[in-house]
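As you go down the protein sequences, you meet chains B and Y in turn. Each residue of the first sequence is one higher than the last, beginning at 1 in full-length UniProt numbering. Each residue of the second sequence is one higher than the last, beginning at 1 in full-length UniProt numbering.
If you are wondering where the hints come from, they were derived from the structure by calculation, not from laboratory data. C-beta atoms are modelled at their ideal positions from N, C-alpha and C, and glycine is treated no differently. Mixed in with the good hints there might be a few duds.
[Claimed, not checked] With a straight-line cut-off of 30 Å between C-alpha atoms, the simulated DSS-like cross-links for lysine-lysine are:
(1) 376(B) with 506(B)
(2) 262(B) with 458(B)
(3) 250(B) with 376(B)
(4) 47(Y) with 25(B)
(5) 47(Y) with 114(Y)
(6) 143(Y) with 152(B)
(7) 177(Y) with 82(B)
(8) 262(B) with 376(B)
(9) 44(B) with 250(B)
(10) 177(Y) with 188(Y)
(11) 49(B) with 114(Y)
(12) 44(B) with 114(Y)
(13) 317(Y) with 417(B)
(14) 25(B) with 114(Y)
(15) 114(Y) with 250(B)
(16) 376(B) with 143(Y)
[Stated by the list, open to error] Here are the computed distance ranges between Cβ atoms for each label pair:
(17) 55(B) with 58(Y): 22 to 30 Å
(18) 58(Y) with 431(B): 57 to 65 Å
(19) 376(Y) with 438(B): 57 to 65 Å
(20) 65(Y) with 442(B): 57 to 65 Å
If you want the building blocks of each chain, they are given just below.
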Amino acid sequence: MSTDTSKVAASNGTDAAAPAGKPTKAGAAANWADERLGVGGLSKFLSRKIFPDHWSFMLGEIALWSFVVLLVTGVFLTLWFKPSMAEITYQGSYAPLRGIDMSEAMASTLDISFDVRGGLLLRQVHHWAASLFIASMMIHMMRVFFTGAHRKPREINWVIGATLLLLGTLEGFTGYSLPDDLLSGTGIRAADGFMMAIPIVGTYISFFLFGGEFPGDDIIPRLFTIHVLLIPALLLALIGAHLILLIYHKHTQWPGPGRTEKNVVGYPMVPNYISKMTGFFFITFGVTALLGALFSLNPVWKYGPYDPTKVTAGSQPDWYMGWPDGALRIMPGWESHFWGSTWSWNIFFPVIVLPMAAWMVVLLLPFIEAWITGDKREHHLLQRPRNAPTRTATFVALMVFYAAFWAAGGNDIIAIKFDLSINQITYFLRAFVFLGPIAAFIITRRWCISLQRHDNEKLLHGYETGTVIRTPEGAYHEKHLPLPEGEAFAMTVRDRGRAGDEPELKKNGKPTFRAKLRAFYYDHDVDKPTAEELSAAHHHAEHEAHELAAHEGHQVDGHDFDDHRHSAIEEPLSK
Amino acid sequence: MSSDLSEIEKHDDSHPELNAHTDALLPDPGLHEHHWRPTDVDPKAEKRAERQVALYFGLSAISSVLFVVAYFLVEPGYDGDVWAGYGASNLTLGLTLGFALLFLGIGVIQWARKLVVDVEHTEERHPAASSPATREAAVAELKAALNESGLARRPFLRNAMLGSAALLGLPAIVMLKDLGQTNAQITKEQPYPGAGLEHTVWDAGVRVVRDVVGTPIRPGDLEVGDLVNAEPATIFDGSLHGAPLQIAKSKAATILLRMDPNDIENDVTRNWSVNGIVAYSKICTHVGCPISLNERTTHHLLCPCHQSTFDLADHGKVIFGPAGRHLPQLPLGVDSDGFLVALSDYPEPVGVSYWERNTYDIDEIFDEWSKDHAADAEQYGYKEGGQ
Chain B
1 MSTDTSKVAA SNGTDAAAPA GKPTKAGAAA NWADERLGVG GLSKFLSRKI
51 FPDHWSFMLG EIALWSFVVL LVTGVFLTLW FKPSMAEITY QGSYAPLRGI
101 DMSEAMASTL DISFDVRGGL LLRQVHHWAA SLFIASMMIH MMRVFFTGAH
151 RKPREINWVI GATLLLLGTL EGFTGYSLPD DLLSGTGIRA ADGFMMAIPI
201 VGTYISFFLF GGEFPGDDII PRLFTIHVLL IPALLLALIG AHLILLIYHK
251 HTQWPGPGRT EKNVVGYPMV PNYISKMTGF FFITFGVTAL LGALFSLNPV
301 WKYGPYDPTK VTAGSQPDWY MGWPDGALRI MPGWESHFWG STWSWNIFFP
351 VIVLPMAAWM VVLLLPFIEA WITGDKREHH LLQRPRNAPT RTATFVALMV
401 FYAAFWAAGG NDIIAIKFDL SINQITYFLR AFVFLGPIAA FIITRRWCIS
451 LQRHDNEKLL HGYETGTVIR TPEGAYHEKH LPLPEGEAFA MTVRDRGRAG
501 DEPELKKNGK PTFRAKLRAF YYDHDVDKPT AEELSAAHHH AEHEAHELAA
551 HEGHQVDGHD FDDHRHSAIE EPLSK
Chain Y
1 MSSDLSEIEK HDDSHPELNA HTDALLPDPG LHEHHWRPTD VDPKAEKRAE
51 RQVALYFGLS AISSVLFVVA YFLVEPGYDG DVWAGYGASN LTLGLTLGFA
101 LLFLGIGVIQ WARKLVVDVE HTEERHPAAS SPATREAAVA ELKAALNESG
151 LARRPFLRNA MLGSAALLGL PAIVMLKDLG QTNAQITKEQ PYPGAGLEHT
201 VWDAGVRVVR DVVGTPIRPG DLEVGDLVNA EPATIFDGSL HGAPLQIAKS
251 KAATILLRMD PNDIENDVTR NWSVNGIVAY SKICTHVGCP ISLNERTTHH
301 LLCPCHQSTF DLADHGKVIF GPAGRHLPQL PLGVDSDGFL VALSDYPEPV
351 GVSYWERNTY DIDEIFDEWS KDHAADAEQY GYKEGGQ
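Excised from the complex, chain B in its bound form:
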């Protein structure tokens, strides 16, 4: 695409950066580096790489930058934090706890909070960034799945992303357990209970991790190593792989004029994205700094040091650990005893089996979908959620499943705030975790199908102009106009549903399980119009407009109100 640079502002420096024959300092440095590292090739490959633009593509970037904020603030925190369970008497400046015995971990956390200037800010920014990291990963994951960006060739990147979410959650848990305050100690004790509930090997896992019986004096140093070394290294490696694959596959894009499965339309890495991304890093960091300045979280000095004989009411883990905790709360107390052994289904199932199973389901979603549809083609154009009703409904069902357990994790808070019976909330949620997702699936699918119908309506009969016309006979109707070319095109770039396909048959002539699933997957999908329907509708519209024009004293073209609309539609992907 040729660019008319005559209009570009002079400040953009469209002149060559280094005029031939006059090597600049930057040029000399680049030359030095290239002769030793060959950075020229890498720079050529990366610097003009094209990325499409859409606000939703920024969600993963929030996760990336909040991870960097975590690394920066985390390194600062390690300078003062002492990961030791040695018992000392607190003598710091926080008077209410002075003279009380506690672990060095707790005492150093109090020192960071009260005696290190800016230490409390670091703690709070670190904690806020951790929440942001996990929240943005989740929302990024929703975006990817709802738009079909998990399809071939990006399944492996989906798996990496799901693993990042799991590791991020574990990293969060190990992190907020480190201060050794009453709340986190309660969390560690519950975690010990989870491990003990694993059949056969439970006590071994627990005793190895705690260096003997709970609580011992090894767990904090060990969690510290896991938190600052093991998991961050894995996260860093996987984030690297995630980004390399993103660059290799090139980013997905929304359908639109000029956008195909075989190209990517957008702006180059240098200068557009490098500057936007850098700026966005500072904004992410800045927002977490403001959160740390204005909103206190995890005030460990109020909880006090961990004491295995105490607990506070309303003990809640951080929000992302809330859903397994909710499952634990509403699980009936099933425990079996036989042959001198105890099987704690009431713990093992909700906090060990369920989260692992949920993670496996999420991990396998792209593969399950590809198996059902049999679609092995590469996909680079995104789909609107409505155009894959069964997929969208499936994920919404999973979200409701998650949300129900998450609400169960706060059943005591709900009971107190809304003055309800905790027993009734629990009984309700026991049913809702099964019925809610089914209802959500049905509602979402029907909703998507209605939206597909609405799209077809707009394609065939145009959009509502807001211009109401009175005919000479006294009848009123609203004038519709055809969609702008670009929008109509973008709406028609999608595959037709395959409900009518010939099913795969088994040897006995009945459809295979997969064929049944496929029929269900595409069931009730509303196809885009056929070419005949489209031309018939356009013909009809022209005829109608012609008739109207004949009746009217003057031409009402309906464009009086759509200036705004046009500007929004014709550049759906530009900023």
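Knowing the structure of chain B, use the given hints to seat chain Y on it.
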């Protein structure tokens, strides 16, 4: 669009049935014309944008300097400066750092949006797979490399190498054995009092004391409805420090409740009570939270973590919630000085369930306990049927 799609169809001939579903309905209108921004065409707008960006950078620099000022001037800590209910140090440091970062970020993004060329480009995609030629070449090279290495020709050597490499995993795994002693080892060796999941530091004659101050308790000290967090006197005798102390506390924590003796609904519970005073493990049988919420009128004890509810009038059985077992009860007696004591350790393991736990119902537990401890317990006033 149509031509592109047909190319993809050609590229992937294995799915003719899918390609039938990808008809192009409308022609691709092509990329829309580039819209020039005011800053591209109007030197005044351009200058204005430059000034805006410079202003943001300036504000960022000022905020950074203010951060340093706040660092030195505002007193942190519990006794430090407080403004409008906020710790002034955290507030000023956070705001100045936050604004320094935000303004820098906003400035850079404004620069990118208003002054950097925003012309859309198109880049071709390539299939993720390598081309057939590359694939063939790679396979040929791998085959050649395999041949040269002789791996295929010397299966014995290859297997020996793989086997010895696999065995290198053993040192790594064996090393982990010393992460900690197992429950069986700890129970056998008793490296500290009450070691192992089946024991606590409670024992016959150990006084029941208040958990913060360590004072012993006479039955008369408690009114009906009084609930006391209790510990064994062992915790306060100075014999335990560090990890053994924490482990002892984590298992021995006990709840004392005095109720009307007529409210007790279970014979075992009555046998182990003194004047309506019952003692139960404070450690929830679900995942081990210390239980602390008591309903006086119903004698129900609620765990604040996951809301398991136990009936203290009836051997601590589960009324509601996810716990699978009753709370273990501590048999109580009175020593010669008139203070409450334990008649034995807890008759069953306290706290969370684990696989090796041998779990019995309350009557079996009582029969077993009677055989081992009833005779000794008589010196503390124990007699079956209530004290």
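Output the indices of the hints that this structure fails to meet, ascending. none
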